Amino acid sequence: MSDEMDEIWVLYADDGGQAMDAMETALLQLQECAPEDQPPLVAALFRAVHTFKGNSRVLGLETVENRAHLAEDLIGLVRDRGVALDDEILSLLLETGDRLREMLEETARSRADVDPAGTDALVGRLRDKIARCGMAEAEQTPPSDPDIADAEPEAPEAGSHQPAATPPVTEPEADPAPEAPSPDMPAASPEIAGPAPRPAVQQAPHPAPAQSALASDAAYLAIFNDMVADALTKLCKARDAGDTAGIARVLPGLAHAARQLGLQAWQQLLETLPQSPQPGELHDVIGAIQALARSGAPDQGASAAAPEQAGFFDRISEALETISRLGLNYSLNETPDETALASAVAVLCEVADSEGYVRVASAARTLPAAVDAGGFRRSELRLYEELASVEIALGDTAPAGGVSPRKLLQNWCADHVFETLDELDAVLERLRKGSDASTDYRALERLIRLVHHACVHFDLNVASDLAMSILDLFSRGHARGDRPDAILMQIARGFVDTLELVFDAVREGETPDIERLEELFREAADAGFTGAGVMTVATIERRLGLPAEFHRVLSPESTRAAAQAMEQGRHFYLLRADINSDDALAQALFDLIGSGRIEAITNVTVFEGDKTIFDFLIASEQDEIELSATLAHLDPGGRNLVLMRSLRPEPEPSDQDGTPPEAAPDTVSDAIPSVEMSSEMLEQLGEVAAGQAMLQNMLRDLSDADLSETLDTVLRQHAGDLRSARQAMRAVADQMTEQLREISQLGTQILGHLSELQQLTATLRTRPAETILRPLAAMVAAHSRRNGFEAVLTSLGGDEPLDVSMLETLRTIMRPFLVARLDHPMVAPRRLHLSIRKLDDQVSAVLEDDGKSEPDPAHVAEMENELLRHGGTLRIVRRPEGGFRLHVFLPVNLVVLEGMVVGAEGTRYVLPVNAIRSIVQPDPSALVPVSDPDGRRTWLRLNQDELIPIRSISTASGCPGGHGRQPADAKPKVHIVLSLPDSCVAVPVDELMGQQLVLSRPLRGVMTGLQSVSGVALLSRGDVAMVLSPASLCASHSDARFPGTATTH
Amino acid sequence: MPYNVMIVDDAAMMRLYIASFIKTLPDFKVVAQAANGQEALDKLADGAEVDLILLDIEMPVMDGLEFLRHAKLKTQAKVCMLSSVVVSGSPHAAKARELGADGVVAKPSGTVSHDLQEKTGEELANTMRAVMAA
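Heads up: the sequence lines are chains A and B, in that order. Each residue of the first sequence is one higher than the one before, counting from 1 in my numbering. Each residue of the second sequence is one higher than the one before, counting from 1050 in my numbering.
No lab work stands behind these hints, which were simulated from the structure alone. Note that this is a predicted model, so its numbers are computed, not measured. Just so you know, even glycine gets a beta-carbon here, dropped at the ideal spot from N, CA and C. Watch out, some of these pointers could steer you wrong.
[To be verified] Calculated pairs, DSS-like style, for lysine-lysine (alpha carbon to alpha carbon, straight line, at most 25 Å):
1) Lys1092(B) to Lys237(A)
2) Lys1092(B) to Lys234(A)
3) Lys1072(B) to Lys1092(B)
4) Lys1078(B) to Lys1168(B)
5) Lys611(A) to Lys1092(B)
6) Lys1072(B) to Lys1168(B)
7) Lys1078(B) to Lys1092(B)
[As the list claims (entries may be wrong)] Computed far set for chain B versus chain A, every beta-carbon distance over 10 Å:
8) Tyr1052
9) Val1080
10) Val1161
[Unchecked claim] One-sided and incomplete, this derived list gives chain B residues near chain A with beta-carbon spacing under 10 Å:
11) Phe1070
12) Ala1084
13) Glu1107
14) Ala1142
15) Glu1147
16) Pro1157
17) Asp1164
18) Thr1176
Bound conformation, chain A alone (with noise of 0.2 Å):
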């Protein structure tokens, strides 16, 4: 023998003894683990048989192989199918263990196989525990169907999937179907794996549909119940009325839904029916479909033929276990028991014939003729897609008091799937050769099904939906009649390839990477777009910034026509139309669109209650200004046609490297563009993730480190001695002391890192005043010269730096106002000034209008209303020389400040630090006691001419604290000169705990009835503070904020 062969059986009785050492030790720890552990043992358990039964298949062991594979399958129904793993499953597999130990030192030391009359009590107890578990199983436990597990042909090893030595699936059966095909069906397919399974009704006299899904799904059972019950309302309003009119259509109807299920007792009786019924047959007819209703419910359409159906499950299922065990003997090489075969075909032909599914009792006459394991096995497939059609059109009751053939289907199909993607890959490699496309097309939607039907087996969703999808792309090119292109067939071949790695690893027991099974998705999602030669619907998606719902709804045309507006950079807007009820208004959109001065790309639907309204997405030559001119011709009331957003599309990639973007156009958008993160943000918070990574493993060295451990051990090597061990001591603390410093520089690190993004989010967000306010003067001069008259608006406040959801509001609330005071032409207003000014804590809008009338109560009420969901408030005064003043307050939210963490009587504080004029300590005689209207009080002399108030922190804001005054003997407290432009206040405080950039936070609940404080903070320690408005607090003493004015005493 050649050293290669020693080395083979060396290496073959190494693994071997590390396989049998495996199940032993899983084997061992099953007997003592709580059955929630068990999981990975088996699955271990599993493997370490798998690979000893595929070692002793390599160098042809057959009996040793014979005998693992046995084991592999018991094990199998437990790792698989639910079965418990008791301890009579334990001690058969413990002892099947150690046999398979002596058979390996046996065939090591002989290097020949065992005579297998030393095992064959063994296989007896083996296979008669197989066959009692799945019996039980399927007794039991109907949705998940043991038998398979006794049809698993052949052992799921790696390499089985290879193209067998009998013919693959697709070889001519020597016994094809004999009954006639429907004319919608095709013929008893001379390939094994027929179409997919379908409503069994064979003797009926309309063909029935060959989707699956269709009858699968129980929604379909409801519909027919409400159908019948709607039928018999009907018939008896007839019967009732003695006028047949109106039920021409129903029985007709109803037996065509029977048929489309498979509900044979249905089709029976409503084949006996008249189709048209007199008024003097109505009570019979009436008096049958109750009838039949009532057999079975609550489930009309299933239980209505139910009774004689599951009857026919129970009766056939010792049958097919019969067929079951015979296939697995036939698997391993044991020819079928004849005898045993014939009598199991016998009576599934008897049972079937009395019922008449002649195709079922066809099918199972095909085995006996099966000359070879692979016949078999074809005959099988064939056999259980007849039973799964019955099962699928009686419903889902069918099978409860026995098998469920749809399950035996799927198991089936995932027992062999790797001969189907074999035969997959085949016709794939046939289509790209360009052979008879529609033979190929037939031959790969059915094997695309039965995949779908074994990754439904498997639960793996991501595949199940792959295949349906892939089918979906083949089938529209077919009804093209286009050939698959290349990328395609790419997509087709990566499934395939990928299913094959990915049942394998299901099969070894190991969690199966989907990874590649979610790009393909994505591929095949893009396929119709790559293949067309233009941009993928991610790209534009990306670029310009959609919203969700338009994710992916991009057609490939929608997609061409966006790239070719992108690059004749043109502007994208969304528009959102009401347009569904107003023909005209939808008319004059879509003649806008036809002009060509705007390009709908695409459009979705967005519903309101059962209103459907449109969002578009377009683009155009015109900027914003024009746009919203052109839009305000077709809906001067800017009520169904609305500018939601301009979309500036991202440079491409390309654009990025070493070129700065081109600018933006220089257009007003009150749009306001999409906050996006800038790579600067992308570094930051890197860094803030690599830096608390680095702070985590100090941390975690730190508490690993037994500090007393360590100085115990320096004490020991010292002799106990503290005067000479110190210096060794010392140096501990100093390293952990150390150790705690960088800890706290890193953390600071982190906070700086975690300001500066706050502070460059707050930036992001901010856009100027400007955005919203050219527009608003672009429709108001626009729609009065539309009116017939010329109204002007101007405005002030447009560098005014805001958040995009402030800008948002206030356009909101502005331009609908504005609107409406412009359709008047007589009373509306000539000149129109709007002032937006940001203050520190809120922002003002003020709108000067010089109308001869009042606003419409209705629009201020609107605007109220709106502004109060925002926290804001409006105020409408009178001007002297006509017209109105509008002031609309908006608070600020999520601002980023600069602030004065301070602490007063026990709780903090946050002051924004470019509203502090000064930090004092003021002496005793600096306190002046001065009498205001108010009452006496304490007032902050800070020089010879100035006097300005002290305001306590929990008086102004209403927070629980202190009152405010300080007892005469106290020292007096640190006082925060807070300076406005025309006002001045101190507020004395406990402590100042130093500078720190917050985000201020809009105040929610009760905390909004606090006065003087505008949002709330989180500290860098975790401390929760109140952001002061100091506007607010110097306010309350606006009558005494001037030097010199107060009266001193």
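Keeping the supplied structure of chain A fixed, place chain B upon it in accordance with the hints.
The following block gives chain B in isolation, referenced to the frame of chain A:
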């Protein structure tokens, strides 16, 4: 005899466009229109004789996929999905196939595709004919 077509789409303009396109096909004739699945079912129950249903998916009251289930039982008409959400490779397209749609065609420019005839007319006509011939 031209085949009778029912258009089921919640967008009034889209129904107009589809009907206008079908007028150009001598072998098809629009005999009914509905704004959602329920309305379509009602029209079928009222006796509308329909050979082919052109069906949108995203509709209020009853969407296209739910209607497809009903249609498979309540009418012998063929069903061709015509929707913006059945672009190639989309989950909706796969679901429509699974539920037994006889044909699937994506609208070219979204829910309301004014350019249906120009961009997808030929594909739609071919699919309608293939569906009826099957």
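Hint check results:
no.	hint	verdict
1	Lys1092(B) to Lys237(A)	20 Å, holds
2	Lys1092(B) to Lys234(A)	16 Å, holds
3	Lys1072(B) to Lys1092(B)	21 Å, holds
4	Lys1078(B) to Lys1168(B)	21 Å, holds
5	Lys611(A) to Lys1092(B)	21 Å, holds
6	Lys1072(B) to Lys1168(B)	17 Å, holds
7	Lys1078(B) to Lys1092(B)	16 Å, holds
8	Tyr1052	17 Å, holds
9	Val1080	15 Å, holds
10	Val1161	5 Å, violated
11	Phe1070	14 Å, violated
12	Ala1084	8 Å, holds
13	Glu1107	5 Å, holds
14	Ala1142	5 Å, holds
15	Glu1147	5 Å, holds
16	Pro1157	4 Å, holds
17	Asp1164	7 Å, holds
18	Thr1176	5 Å, holds
When the structure is compared with the earlier hints, violations turn up for hints 10 and 11 and for no others.
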